[in-house]
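**Student:** Spelled out, the chains give:
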Amino acid sequence: MKADPGLYSYWPYRNRPKITWPGGKKLAFWVAPNIEFYELNPPNNPFRKAWPRPYPDIVSYSYRDFGNRVGHWRLMDLMDEFSIRGSVSLSVAMCQHHPEIIEACAERGWEFFSHGIYNTRYCYGMDEAQERAIIEDAIETVIQATGQQIRGYLAPALTHTERTMDLLAEYGIWYTCDLFQDDQPQPIKVKTGRLISMPYSLEINDHYAYNVYGQSPAQYTSILKRQFDTLLREGEESGTVMCIPLHAYLVGRAHRIDPFREALEYITSHRDDVWITTAAEIAEYYYDHYYDAAAEQLLSRVGEE
Amino acid sequence: MSLPSEYLEYPKRRHGMDHDLYPWSNMFDRPPVKWPGDKPIALWITVALEFFPLTPNDGPFRAPGHMATPYPDLRTYTTKDYGNRVGVYRIMRVLDKLGLKATAPVNAAVARRYPPLIEAVNEAGWEIIGHGVDMNSLHYGGLAEDIERAYIAETLSTLREVSGQPVRGWLSPARSESENTPRLLAEAGVDYLCDWVNDDMPYDMSTPAGRITAMPHTYELEDRHVITVLGQLEELWSEQVLDAARRLRREAEKYGGRVLHLSLTPYVIGQPFRIAILEHLLEALVAEGGIWSATGGEIHSAWRDQVG
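Line order of the protein sequences matches chains A and B. Read in the numbering used here, the first sequence has 21 at position 21, and its numbers run on one by one without any break. With positions in the second sequence counted from 1, the corresponding number in the numbering used here is that position plus 1000.
Bear in mind the hints are in silico, worked out from the structure with no lab data behind them. The C-beta atom is built at its ideal place from N, Cα and C for all residues, glycine as well. Wrong hints could be hidden among the right ones.
[As the list claims (entries may be wrong)] Here are some chain A residues the structure puts well away from chain B; computed CB gaps all over 12 Å:
no.	residue
1	128
2	131
3	296
[Said to hold, decoys possible] Pairwise CB distance ranges (calculated):
no.	chain 1	residue 1	chain 2	residue 2	range
4	A	6	B	1210	20 to 28 Å
5	B	1256	A	124	39 to 47 Å
6	A	268	B	1086	45 to 53 Å
7	A	77	B	1210	31 to 39 Å
My request is simple: use the sequences and hints to build the entire structure.
**Tutor:** Rendered as structure tokens:
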């Protein structure tokens, strides 16, 4: 085990090479619906229990199942209203369980990236071959279901190993959503190839807002607006990224979806300054214009590791 | 270090669910239902009446709300008792004033111990449904089938005897079920259960003993959850219930009648400083219109008549 994961060097949030998003936009905005399948009776992982109660833990299970029966359709309608394409953090077994949802997203031009096979299968304890197998499974499953090559990764239930980032780069994945060290994309140190971290967010994740911090829907909207205001202001100096990570089983409840609508209405009313896009498009633009300069500054830094 | 190979095997990776209890279904694809008077919202208020013994019986977990300190936890015991002695009567007064009905999930122990409370529930015109023997008698995976069957039989027979009501519905203590619960309830002739939180409308489950309906009995808008678990102000709770009603009213125009479930907890919302918030909330709900106040049994019957 290492005291520092060794994935990036310290890089102060000032005097960095300036980022400008396409069309002179200051903020790249993306929405990440987590479309997940949680199993009622997953095999045991020695490092993490799937459910607090003994099988069948029907409350925990059905709480999440709500997203696929009800919440998803409310959230997708809302995103249609504001012409926002989702970048889906996908439990890829959804392609088998509920292809109806995958097809609806694909028709809308949404992006899919891997969030593991199921959100009840964790990477803790996997050997290299096993971790490779779940990455290969995700790539293959999403191509077969949608024709899309996955470009991004968010580890299932945010469970990692020391080799996760190296493997992602080796498989040609462009970006990881697993790291929370910054509000701008940046190069990650990997053994071979290239990888960038894509700003996702735990702090403005609906799960943290509603269930960890216990915020009401109106408070969550207010937080999202403040997050947006700050990142847009700072984006004049150098382009920033804002992601809203969502779970339809949370934000798609009847008492939450309309207050959340106000946040999207507010953000999309700034289209002149905001690039409303997908994570893969942000990553592609970053690689084409900024990766090399950033890598030169960042990957050559010495010191703390 | 590696995981057993079965950790990367997915025997239930197939279309639909990973179990056989109910099929997957998109709520917005179902045929619309119509509530009596063509009201967009069936307002389903539930008020659970529970007995938490001073001696918690530790199975795999303790029911939420159960004793928290070393024995004797008089503070928790008497706080829960406050709900059955005082709080519930405040709720009754508010509902009665506004002409609203409720369903009461009742522990058999409450019916045995507090017959006057059951009389009051009957007088108020509330429906009684099964809520297990008491808050110690949890249904959970690993509980022997004959014990669980006996819990269900004791609950139903006690409640029927004391209340004279048919007792057609069921809420498990702590919403906890074993793998057998839906089947054993269907076997006992129960029409609907209230433990699952995956839908905003009723839907059918199928068991080897016949079908049983899962009613949309959520906890996200429950007073106890929002106020005491999430720690939000009462005003924020009330605002969320009204937001839900507005949303469901709008959805109903396109997709047919919806159910707004509101779970009230006597020892939470029945406190003097909270009860006025409930009254104002329910007044506002009624004033905004389109409400059919109904018991779970009435909602279930109206739904069943249309879906077949």
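**Student:** Is the hinted range of 39 to 47 Å satisfied by the C-beta distance from residue 1256 of chain B to residue 124 of chain A?
**Tutor:** holds (45 Å)
**Student:** Would you say residue 296 of chain A is clear of chain B, with no C-beta pair closer than or equal to 12 Å?
**Tutor:** The claim holds: residue 296 of chain A sits with its nearest Cβ about 37 Å from chain B, beyond 12 Å.
**Student:** For residue 128 of chain A, is the shortest beta carbon distance to chain B beyond 12 Å?
**Tutor:** violated (9 Å)
**Student:** Are residue 6 of chain A and residue 1210 of chain B spaced within 20 to 28 Å by their CB atoms?
**Tutor:** With Cβ atoms ~59 Å apart, the hint is violated.
**Student:** Confirm or reject: residue 131 of chain A is not an interface residue toward chain B, with every Cβ-Cβ distance exceeding 12 Å.
**Tutor:** Per Cβ check, residue 131 of chain A is inside 12 Å of chain B; nearest 10 Å; violated.
**Student:** May I ask you to test the hint 45 to 53 Å on the CB atoms belonging to residue 268 of chain A and residue 1086 of chain B?
**Tutor:** Hint holds: Cβ distance 50 Å, inside 45 to 53 Å.
**Student:** I want to verify a distance hint. Is the separation of the beta carbons of residue 77 of chain A and residue 1210 of chain B within 31 to 39 Å?
**Tutor:** The hinted range 31 to 39 Å holds for residue 77 of chain A and residue 1210 of chain B, with Cβ atoms some 36 Å apart.
Checked against the numbered hints above, the structure breaks hints 1, 2, 4 and satisfies the rest.
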